[in-house]
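Undergrad: Each chain, written out:
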Amino acid sequence: MWVYEKKLQYPVRVSTCNPMLAKFLIEQYGGADGELSAALRYLNQRYTIPDKVIGLLTDIGTEEFAHLEMIATMVFKLTKDATPEQMKAAGLGAHYANHDNALYYENAGGVPWTATYIQAKGDPIADLYEDIAAEEKARATYQWIINMSDDTDLNDSLRFLREREIIHSQRFREAVEILKDEQGKKRIF
Amino acid sequence: MFTPTKAYYPYISPFDPCPPIKVKTYSTPPNLYMGFQPPNLPQFSPMEALRAGTLWKPFYDPYFSPYEKVKEGRS
Ligand SMILES: [Fe+2]
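One line per chain: the protein sequences are R and E, in this order. The numbering used here applies: residue 1 is where the first sequence begins, and numbers increase by one. The numbering used here applies: residue 190 is where the second sequence begins, and numbers increase by one.
Simulated from the structure, these hints should not be mistaken for laboratory data. Do not rely on the hints blindly, as some may be mistaken.
For lysine-lysine, the following DSBU-like pairs were computed, each having C-alpha atoms within a straight-line distance of at most 35 Å [said to hold, decoys possible]:
#  : chain 1 : residue 1 : chain 2 : residue 2
1  : R       : K23       : E       : K213
2  : E       : K246      : R       : K77
3  : R       : K137      : E       : K195
4  : R       : K6        : E       : K195
5  : E       : K213      : R       : K77
6  : E       : K246      : R       : K137
7  : E       : K246      : R       : K23
8  : R       : K23       : E       : K211
9  : R       : K23       : E       : K195
10 : E       : K195      : R       : K180
11 : R       : K80       : R       : K7
Okay, the calculated bits of chain E under chain R, using three or more residues with CB under 8 Å as the criterion [what the hints assert, rightly or not]:
#  : segment
12 : 193 to 206
13 : 211 to 219
14 : 240 to 253
A virtual CB, placed ideally from N, CA and C, is assigned to each residue, including glycine.
In isolation and in its complexed conformation, chain R is listed as follows (with noise of 0.2 Å):
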């Protein structure tokens, strides 16, 4: 069960009329790292982890979703206001012609979101270790946004998206770490 609480994770702020921004946003709204993409592995993948890092897979799934919250508020104030013929300019207009203004879970290209962008292996290191790559593909996206937005405010909650990727990856990789350690090794404090 979830409590959802009726605010943003980080604050969105956006400063300048920029469709064009919202076209590569969508990458981390329904592309292959993104968002949708995290949060759906995490909370399926956990079912058939070893009870240590199924509560580290719900948390971090339950984030993703907050992020996702994030990214489609940067993309509906970025496009709520465009006129098809921005929407045009902005290399939207074949989204406009499929779903108007209307968000769509899709990648930076057009493509739909597809449940084939995920896996669930069920051999709990190889899970961990596409969760890893997943969160440093994510890290990776960020980065290239930021490189191609000078959104100064957009920026700051890219920022603060990326540094949470950081975070992610540090925990998926002490997960790994805990299903490594050895049984009945001596352990020292």
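Based on the hints, put chain E with the ligand in the right spot on chain R.
TA: Just chain E with the ligand now, kept in the frame of chain R:
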């Protein structure tokens, strides 16, 4: 001194069609070096932590666009 950004210098051909990018950089954030988080790391205050995205100072690694930096004259 530690830096979370590494650089390499790709080969530049005299026949390259575009002006070369002489230095390529990539990110190596602190999580790559930490292993299991050791106890008693320095912390941000709760208010700072909410802004930074982490409670732990050694994990804080803000990323700025190299292009953004040039434009705003930050070093
Ligand atoms: Fe993440």
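Undergrad: Hint by hint, say whether it matches the structure.
TA: Verification of the hints:
Between the alpha carbons of K23 (chain R) and K213 (chain E) the distance comes to roughly 26 Å, so the proposed pair stays at or under 35 Å and holds. The suggested pairing of K246 (chain E) with K77 (chain R) holds, with an alpha-carbon distance near 32 Å, which does not exceed 35 Å. For the hint pairing K137 (chain R) with K195 (chain E), the CA-to-CA distance comes to about 17 Å; that is within 35 Å, so the pair holds. Taking the CA atoms of K6 (chain R) and K195 (chain E), the gap is about 40 Å. The hint is violated against a cut of 35 Å.
This hinted pair checks out: K213 (chain E) and K77 (chain R) have alpha carbons roughly 33 Å apart, not beyond 35 Å. Annotation: proposed proximity of K246 (chain E) to K137 (chain R) holds, straight-line Cα distance about 23 Å (limit 35 Å). Distance restraint check for K246 (chain E) and K23 (chain R): the Cα-Cα separation of roughly 33 Å lies within the 35 Å cut-off, and the hinted pair is therefore satisfied. Under the criterion of a C-alpha separation no larger than 35 Å, the hint pairing K23 (chain R) with K211 (chain E) is consistent with the structure, at around 30 Å.
Of the pairs offered as hints, the one joining K23 (chain R) and K195 (chain E) holds, with about 29 Å between alpha carbons and a cut-off of 35 Å not exceeded. Between K195 (chain E) and K180 (chain R), the direct Cα distance comes to roughly 30 Å. Compliance with the 35 Å bound is thereby established for this hinted pair. For the hint pairing K80 (chain R) with K7 (chain R), the CA-to-CA distance comes to about 20 Å; that is within 35 Å, so the pair holds. Only residues whose beta carbon comes within less than 8 Å of a beta carbon in chain R count, and the segment 193 to 206 of chain E has 0; fewer than three means the coverage is violated.
With 3 residues having a beta carbon nearer than 8 Å to a beta carbon of chain R, the segment 211 to 219 of chain E meets the requirement of three or more and the stated coverage holds. Under a criterion of three residues with beta carbons nearer than 8 Å to beta carbons of chain R, the stated coverage of the segment 240 to 253 of chain E is upheld, 10 such residues being counted.
The structure fails to meet hints 4 and 12 from the earlier list, while all remaining hints are met.
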